[in-house]
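Colleague: Sequence:
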Amino acid sequence: MHALAKMTAGLALLTVGALAGCDKQKMSGPLTVYTGPLMETTNVLTLISDSAKLKFQLTAPLEQQFENGDVIYPKGMVVTFYSADGKKHVINTLTAKYGKVDKAKNLYIMKGKVQVVNVPKQQRMDTEELFFDKTKQVIYTDSLMPVRMETPTEVLSGNGLWAKQDLSFYRLFHTTGILDKVGTGL
6 MHALAKMTAG LALLTVGALA GCDKQKMSGP LTVYTGPLME TTNVLTLISD
56 SAKLKFQLTA PLEQQFENGD VIYPKGMVVT FYSADGKKHV INTLTAKYGK
106 VDKAKNLYIM KGKVQVVNVP KQQRMDTEEL FFDKTKQVIY TDSLMPVRME
156 TPTEVLSGNG LWAKQDLSFY RLFHTTGILD KVGTGL
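In the working numbering, each residue's number is its place in the sequence shown (first place is 1) plus 5.
Don't read these hints as lab results, they were simulated from the structure.
Hints may contain errors.
Claimed, not checked - Label pairs and their computed distance ranges (CB to CB): (1) R129 with S33: 30 to 36 Å; (2) W167 with L67: 26 to 32 Å; (3) Q70 with T181: 36 to 42 Å; (4) S33 with P79: 31 to 37 Å; (5) E133 with T156: 18 to 24 Å; (6) S54 with S33: 23 to 29 Å; (7) K92 with T40: 40 to 46 Å; (8) K102 with L43: 22 to 28 Å; (9) F178 with P35: 43 to 49 Å; (10) S88 with R129: 15 to 21 Å; (11) P151 with L112: 39 to 45 Å; (12) E134 with H94: 24 to 30 Å; (13) H179 with P157: 33 to 39 Å.
For glycine and all other residues, C-beta sits at the position ideal for the given N, C-alpha and C.
Produce the entire structure from the sequences given, and follow the hints as far as they go.
Modeller: As structure tokens, then:
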């Protein structure tokens, strides 16, 4: 019995010693909060539909999703808009070297060699920064942003643009030049 008491006392002493060594350590320096992406996805294909009709698709080599709901496309993005009849006829494409979706504003922000091409009308618009308001279905630039619009008959340049997302109607602000294409008779 005496051996059992010694063993119990030794075990108790060992347990107390082990627990005493588990002291909370104080952290040195300020606490760092992670603000990077929560998730990264490669080779992204996102289809956006309404009433079972495809409205547009977004493709990108890399997508980064953040805690606040914003999404960044640091390696570029392509948005393809389809006809309203749901028959998957391409109306226009929007291409940029960088893209961001502001979740709170439901706004797409595209930067770096932004290009919008309207396939049926053979129109092309080039700028360095463009906003796509998904709710209002419009695209626009800052009023000081240089814009170049090319149609089958002319080339327009100016600063600032507002347009329907399919380029069926557009307004170029602060026009700086109009160039008639050779042989158009304008």
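Colleague: State, for the Cβ atoms of K102 and L43, whether the hinted interval 22 to 28 Å holds or is violated.
Modeller: Holds - the Cβ-Cβ distance for K102 and L43, about 23 Å, lies within 22 to 28 Å.
Colleague: Holds or violated: 24 to 30 Å for the Cβ distance of E134 and H94?
Modeller: holds (28 Å)
Colleague: For the pair S33 and P79, does the Cβ-Cβ distance stay inside 31 to 37 Å?
Modeller: Holds - the Cβ-Cβ distance for S33 and P79, about 33 Å, lies within 31 to 37 Å.
Colleague: Are H179 and P157 spaced within 33 to 39 Å by their CB atoms?
Modeller: For H179 and P157 the Cβ distance comes to about 24 Å; the hint is violated.
Colleague: When you take the CB atoms of E133 and T156, is the distance between them in 18 to 24 Å?
Modeller: Hint holds: Cβ distance 20 Å, inside 18 to 24 Å.
Colleague: Taking the beta carbons of F178 and P35, is their distance inside 43 to 49 Å?
Modeller: Holds, at about 47 Å.
Colleague: Determine whether the Cβ-Cβ distance between S88 and R129 falls within the hinted range of 15 to 21 Å.
Modeller: About 19 Å separates the Cβ atoms of S88 and R129, which means 15 to 21 Å holds.
Colleague: Given a hinted range of 40 to 46 Å, is it respected by the beta-carbon distance of K92 and T40?
Modeller: Because 43 Å falls inside the window, the suggested range holds.
Colleague: A range of 23 to 29 Å was offered for this pair. Does it hold for the Cβ distance of S54 and S33?
Modeller: Roughly 53 Å apart at Cβ, these two residues miss the hinted range, so it is violated.
Colleague: I want to verify a distance hint. Is the separation of the beta carbons of Q70 and T181 within 36 to 42 Å?
Modeller: holds (39 Å)
Colleague: Given the hint of 26 to 32 Å, check if W167 and L67 actually sit that far apart at their C-beta atoms.
Modeller: holds (30 Å)
Colleague: Per the hint of 39 to 45 Å, is the separation of the Cβ atoms of P151 and L112 within bounds?
Modeller: violated (21 Å)
Violated hints, in rising order: 1, 6, 11 and 13; the structure is consistent with all others.
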